[in-house]
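*Asks:* Given next are the chains, with one letter for each unit.
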Amino acid sequence: MTDVLLRLEGLTKAYPGVVANDDVSFDIREGEIHALLGENGAGKSTLVKMIYGLVKPDSGTMTLRGAAFEPAEPRAARAAGVAMVFQHFSLFDALSVAENVALGMENPPKPRDLARQIRDVSETYGLPLDPGRTVGTLSAGERQRVEIIRCLLQNPRLLIMDEPTSVLTPQEVEILFETLRKLASEGTAILYISHKLEEIRSLCDHATVLRLGKKVATCTPADATARELAEMMVGASFETPQKAERPLGEVMLDVRGLSLPAPGAYGTPLREISFQVRAGEILGLGGVAGNGQDELLAALSGERVTAADVIRLRDRPIGTMGPTERRALGVLSGPEERLGHAAAPDMSLTENAVLTGARRMGLLSGGFVNWTKSKGFAEDVIQSFDVRTPGPGTAARALSGGNLQKYVIGREVLQSPEVLVVNQPTWGVDAAAAAAIRQALLNLAAKGAALVVISQDLDELMEVSDRFGALNEGRLSEIRPVDGLTVDEIGLMMGGAHDMEVAHVDG
Amino acid sequence: MDLSSINPVLLIASVMVSATPILLAAIGEMVVEKSGVLNLGVEGMMITGAVVGFAVAVSATSPGLGFVAAAIAGALLSLAFGLLTQYLLSNQVATGLGLTLVGLGLSSLIGKPYEGMKTPTLSKFEIPLLSDLPILGDMLFSHDVMVYFSLLLVAAVWAFLKYTRAGLILRAVGEGHDSAHALGYKVTQIRILAILFGGACAGLGGAYLSLVRVPQWTEGMTAGAGWIALAIVVFASWRAGRVAVGAYLFGGVTVLQLNLQAAGADVPVALLSASPYLITILVLVIISARGVHGAPASLGRPFHASH
Numbered sequence: 001m002t003d004v005l006l007r008l009e010g011l012t013k014a015y016p017g018v019v020a021n022d023d024v025s026f027d028i029r030e031g032e033i034h035a036l037l038g039e040n041g042a043g044k045s046t047l048v049k050m051i052y053g054l055v056k057p058d059s060g061t062m063t064l065r066g067a068a069f070e071p072a073e074p075r076a077a078r079a080a081g082v083a084m085v086f087q088h089f090s091l092f093d094a095l096s097v098a099e100n101v102a103l104g105m106e107n108p109p110k111p112r113d114l115a116r117q118i119r120d121v122s123e124t125y126g127l128p129l130d131p132g133r134t135v136g137t138l139s140a141g142e143r144q145r146v147e148i149i150r151c152l153l154q155n156p157r158l159l160i161m162d163e164p165t166s167v168l169t170p171q172e173v174e175i176l177f178e179t180l181r182k183l184a185s186e187g188t189a190i191l192y193i194s195h196k197l198e199e200i201r202s203l204c205d206h207a208t209v210l211r212l213g214k215k216v217a218t219c220t221p222a223d224a225t226a227r228e229l230a231e232m233m234v235g236a237s238f239e240t241p242q243k244a245e246r247p248l249g250e251v252m253l254d255v256r257g258l259s260l261p262a263p264g265a266y267g268t269p270l271r272e273i274s275f276q277v278r279a280g281e282i283l284g285l286g287g288v289a290g291n292g293q294d295e296l297l298a299a300l301s302g303e304r305v306t307a308a309d310v311i312r313l314r315d316r317p318i319g320t321m322g323p324t325e326r327r328a329l330g331v332l333s334g335p336e337e338r339l340g341h342a343a344a345p346d347m348s349l350t351e352n353a354v355l356t357g358a359r360r361m362g363l364l365s366g367g368f369v370n371w372t373k374s375k376g377f378a379e380d381v382i383q384s385f386d387v388r389t390p391g392p393g394t395a396a397r398a399l400s401g402g403n404l405q406k407y408v409i410g411r412e413v414l415q416s417p418e419v420l421v422v423n424q425p426t427w428g429v430d431a432a433a434a435a436a437i438r439q440a441l442l443n444l445a446a447k448g449a450a451l452v453v454i455s456q457d458l459d460e461l462m463e464v465s466d467r468f469g470a471l472n473e474g475r476l477s478e479i480r481p482v483d484g485l486t487v488d489e490i491g492l493m494m495g496g497a498h499d500m501e502v503a504h505v506d507g
Numbered sequence: 001m002d003l004s005s006i007n008p009v010l011l012i013a014s015v016m017v018s019a020t021p022i023l024l025a026a027i028g029e030m031v032v033e034k035s036g037v038l039n040l041g042v043e044g045m046m047i048t049g050a051v052v053g054f055a056v057a058v059s060a061t062s063p064g065l066g067f068v069a070a071a072i073a074g075a076l077l078s079l080a081f082g083l084l085t086q087y088l089l090s091n092q093v094a095t096g097l098g099l100t101l102v103g104l105g106l107s108s109l110i111g112k113p114y115e116g117m118k119t120p121t122l123s124k125f126e127i128p129l130l131s132d133l134p135i136l137g138d139m140l141f142s143h144d145v146m147v148y149f150s151l152l153l154v155a156a157v158w159a160f161l162k163y164t165r166a167g168l169i170l171r172a173v174g175e176g177h178d179s180a181h182a183l184g185y186k187v188t189q190i191r192i193l194a195i196l197f198g199g200a201c202a203g204l205g206g207a208y209l210s211l212v213r214v215p216q217w218t219e220g221m222t223a224g225a226g227w228i229a230l231a232i233v234v235f236a237s238w239r240a241g242r243v244a245v246g247a248y249l250f251g252g253v254t255v256l257q258l259n260l261q262a263a264g265a266d267v268p269v270a271l272l273s274a275s276p277y278l279i280t281i282l283v284l285v286i287i288s289a290r291g292v293h294g295a296p297a298s299l300g301r302p303f304h305a306s307h
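Order-wise, the sequence lines are chains A and B. Take 1 as the starting number for the first sequence in full-length UniProt numbering and just add one per residue. Take 1 as the starting number for the second sequence in full-length UniProt numbering and just add one per residue.
Bear in mind the hints are in silico, worked out from the structure with no lab data behind them. Some hints here could point you the wrong way.
Stated by the list, open to error - Between beta-carbon pairs, the in silico distance windows are: (1) A:Y15 with B:F125: 53 to 61 Å; (2) A:P128 with B:N91: 40 to 48 Å; (3) B:Q189 with A:A262: 33 to 41 Å.
Said to hold, decoys possible - Keeping only pairs whose Cα atoms sit at most 30 Å apart, straight-line, the calculated DSSO-like set for lysine-lysine is: (4) A:K373 with A:K447; (5) A:K447 with A:K243; (6) B:K162 with A:K110; (7) A:K56 with B:K186; (8) A:K182 with A:K196; (9) B:K162 with B:K186; (10) B:K186 with A:K110; (11) A:K196 with A:K214; (12) A:K56 with A:K196.
Because the structure is a prediction, the values reported are computed rather than measured. Cβ atoms here follow ideal geometry from the backbone N, Cα and C, with glycine treated the same way.
Take these sequences, add in the hints, and give me the full structure.
*Replies:* In structure tokens, the structure reads:
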């Protein structure tokens, strides 16, 4: 048995209207990798913010190596040996790697020494990084290395990692895990936050499960199945979506040589993308964020137009049509950003229903909106997709992320599309709701629609799709049947590990 | 037209005098914008500095005290902007425009009794040895102390932003206030300090107009100098060196067109008067058309440390 590094006792933090953490207690031992599991909104982030000094607990105590630990600000936490790698990177695009590292340190050395130290640490842990590069030009995986190296340079006792793998390819994840195992073997404790259960099972020594702000279980993840862990998080059992055998019909959507320039300074150009989707088929498109997903959705939905022949629906050229015309023909879409792209935040659910469903659901008559019918349609969506809301008059902004996601996907599904393109359909949605959305997509395909599901969640793509392709820098990889596809192959399709090498774990 | 009436030594010397107020205001505003705040009230802070500096210099018969008072007045006015935008989260554009209107109104109120009065002005500070050089000495090294101060300030701001840790933190706050907050930097406090610096610089710039350049108080005497300072910051891509180039270019064309007017050039007067604005913007647009623009990523976005 090793010593306790950090002990949390009865930590409680309430915000107006919600108790984010309610009497949470657990221990983190020296050199262990401790998982913190929970759904969105379970209180994981608040808990680590308290440990890192960003939020003050209302009550409860923390003890670091036997001494009281009450960091008033991150600086104090860092001085005590607590370092944190953020979920949303805390990096500055316009500054160099070295400057970014210096900003995260208490007493940074002179620039020249710092550059040397960055090189040393990055070599020791197999995380190659050039101190002079501007961070804005780095890939997501490389940015994370900047964060990790920034932490490592301070020789932390406890390293907190908040959802570190959501932006990495499988190969990069493996390298990260090697690094973390090496760190743990050197005595650094790691608090690892994630909701990816397989990762936690392979990496972590212990797990603490939070639900609605309360600690509900502690376990050894390797001894539990992913399903058991998921049920601890959700607090109930739920149905895993079932893929039904279904016959494939004619080619519905045919994309040939789709190329578009980047929409803005930080966009991705689309390069020669070609694929076909048949009736009853789901094509899953993976890839690390920012490799052309948004741009592809915009091209398919009609937000950006192309030459007519590039995109065909049942052999009819639709490339020059805008979103309204495509919708009328049955090509619907659900973009990633819920607020502001899929839904107008300050408009009611009924009004949002009219925005995409007006034509197909016959909500217009003579240029006027039939509000009775529109309200009926909105109520239909709310009912069929179990959207928790007081009613269709509620503003879209007032719904929680998961509920709004169910609403915007349901709104498209109920319009019986011929082709449906969705990007990140279950992003930020809890496991039970995600399962419901996936089932709805599968059912839609079973009724004969052709679906393109773009997602960064590989498990989701494996669950719903028949064929899989990956986007990498605006190019589409070869498309392969999902059955028999291995994680390694998927990783290579996604572009591999971007010049990374596995950490040299010293014997 | 009689071009021989233009004396090149006097021309260059007056270019430096003419550029100084804009240079001071622009370098201050650049620091403000580097911290991620857009303060459109430069014109208002300049003219307030001009009138307060003039009033104090006349009353105390000391131009030095006038400059100090002008800096304080500009900083106080900017503090109002800072409190409104940083703590009460008011809209930066609207508040900045309001600040300009307040400054213009306030200055004409304060300045009414001082119209037509004379002020003691800064004496020439002749740099030993260098000022004895033929031609160059009179051109570059026989100015009042504020001209040198403004140039030293540009160099100091450049070095501060590039080499010091505080400068790095200031840039970081302007690049990503959420990231800076997550790392534990006090975004609001840092921005307030930058806003105060910008206000003080604008006040000094205004006082230079009323105490040295003109030297007199007339209502609305800044005549858009604050706006041109704002434009210079943007077109100079937020770089200290280019800000200086822009300010001197504007000052240069202003003086040159005045000389051309005096020499009776055969160009419409309206076009000559507009030429400093047109040429400065044109040149800076051409400079900034190439390469990165480098606007601070958080520029003008309100920050609130919500959880």
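*Asks:* Each of the hints needs a verdict: does it hold here or not?
*Replies:* Here is how each hint holds up against the structure:
no.: 1; hint: A:Y15 with B:F125: 53 to 61 Å; result: 60 Å, holds
no.: 2; hint: A:P128 with B:N91: 40 to 48 Å; result: 45 Å, holds
no.: 3; hint: B:Q189 with A:A262: 33 to 41 Å; result: 38 Å, holds
no.: 4; hint: A:K373 with A:K447; result: 25 Å, holds
no.: 5; hint: A:K447 with A:K243; result: 13 Å, holds
no.: 6; hint: B:K162 with A:K110; result: 13 Å, holds
no.: 7; hint: A:K56 with B:K186; result: 16 Å, holds
no.: 8; hint: A:K182 with A:K196; result: 21 Å, holds
no.: 9; hint: B:K162 with B:K186; result: 20 Å, holds
no.: 10; hint: B:K186 with A:K110; result: 23 Å, holds
no.: 11; hint: A:K196 with A:K214; result: 20 Å, holds
no.: 12; hint: A:K56 with A:K196; result: 28 Å, holds
Violation of the numbered hints given earlier is absent; every hint is satisfied by the structure.
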